[in-house]
Amino acid sequence: MVGRIYRASECTGHLAAKRHPTPSLTITLYNITGDKVAEDVKIPVDTGYEGPIMLTSELYRFFMKAELPRSLWRSYKTLSGTITMRTARAVIKIIDQEIETFVETPFLGEGKLLIGREILNKLTIIIDGKRSETCVSND
Amino acid sequence: MTLVIKKIDPEKVRLFKAEAVKRGLLLHQAIEEAITLWLNTSRSAAETDFEANNRLYEAMKEELRKKHRGEFAVIAEGRLVGIYHEKKEALEALRSLGVNHAILTQIGVDEERRSELEWWGGSIELQNAQDT
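First to last, the sequence lines map onto chains A and B.
Position 102 (the first sequence) corresponds to 102 in this note's numbering; numbering is contiguous.
Position 87 (the second sequence) corresponds to 87 in this note's numbering; numbering is contiguous.
Don't take every hint at face value.
With a Cα cut of at most 25 angstroms, we get these calculated DMTMM-like pairs of lysine to aspartate or glutamate [claimed, not checked]:
(1) Lys88(B) / Glu111(B)
(2) Lys112(A) / Glu116(B)
(3) Lys87(B) / Glu98(A)
(4) Lys88(B) / Glu100(A)
(5) Lys122(A) / Glu112(B)
(6) Lys93(A) / Glu58(A)
(7) Lys66(B) / Glu89(B)
(8) Lys88(B) / Asp35(A)
(9) Lys36(A) / Glu92(B)
(10) Lys77(A) / Glu118(B)
(11) Lys87(B) / Glu58(B)
(12) Lys36(A) / Glu58(A)
(13) Lys88(B) / Glu98(A)
(14) Lys122(A) / Glu118(B)
(15) Lys122(A) / Asp110(B)
Cβ pair distances, simulated, as ranges [what the hints assert, rightly or not]:
(16) Ala38(A) / Val13(B): 31 to 39 angstroms
(17) Leu39(B) / Glu10(A): 42 to 50 angstroms
(18) Met1(A) / Ser96(B): 56 to 64 angstroms
(19) Arg114(B) / Gly48(A): 17 to 25 angstroms
(20) Lys17(B) / Leu15(A): 37 to 45 angstroms
(21) Glu63(B) / Ala38(A): 33 to 41 angstroms
(22) Met1(B) / Lys122(A): 36 to 44 angstroms
(23) Arg79(B) / Ile127(A): 34 to 42 angstroms
(24) Ala38(A) / Leu117(B): 22 to 30 angstroms
(25) Lys77(A) / Lys67(B): 46 to 54 angstroms
(26) Ile31(B) / Tyr6(A): 49 to 57 angstroms
(27) Thr2(B) / Ala17(A): 57 to 65 angstroms
Simulated from the structure, these hints should not be mistaken for lab results.
None of the values given here were measured: they were computed from a predicted structure.
Don't be surprised by glycine CBs; every beta carbon is placed ideally from N, CA and C.
Excised from the complex, chain A in its bound form (with noise of 0.2 angstroms):
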């Protein structure tokens, strides 16, 4: 037993799924120059996805004032084959933490909101599975 104590400082309740509901954070995004996109938006956490923040293209949208070059963008190799994704820069905060990260969503198709492991690896997080929430631990 490692006997570790995490204190956790926010909570959010784990997303609705067909059955196994999703564990999920809450965040608000901002673009680049400091406008408040989307507030207090319950995001999947997607430990599969190597990358920062995708988002959905319409929310995307509102980040393209600050787009990488297109050459720049990452490509992503998936189970049915390889996604290149737009990438521009962006604001999260996560409880009272900015960081200064990228989004992304697919050049072609509609994209989802998740949060991957570029943010995750950054924080402390409890998956709480029998309370059906995800916690931040600012320890």
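Fit chain B to the known structure of chain A by using the hints.
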């Protein structure tokens, strides 16, 4: 939904209503059609800027790498808006632009993030086999 709009030019509203009647549309149908048309137009304008900005970046990238490594370049409306030592200066420039699309890149640094990563499951969701 119900929408109340103030301060619209009454003459434009009169002409709009007349045009809707002429086309056999109810007022709400005509407004929805107009909104869709306006959104699609602004989207295609963004795509045009997107192409022009990327074309310029590709044409300039070697020169930018040689002379301005680490600095911030802003490209909009198919032109180089400026090259800035500090990011906050680049953000000021971006704020002053009324555009839908612009490129902001830290020369030579953003290139290091480019790579092929993984999205394992592609966020697989449960659904019934007969729905596929």
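Subject >> Contradicted hints - numbers only >> reply: 17, 23, 25 and 27
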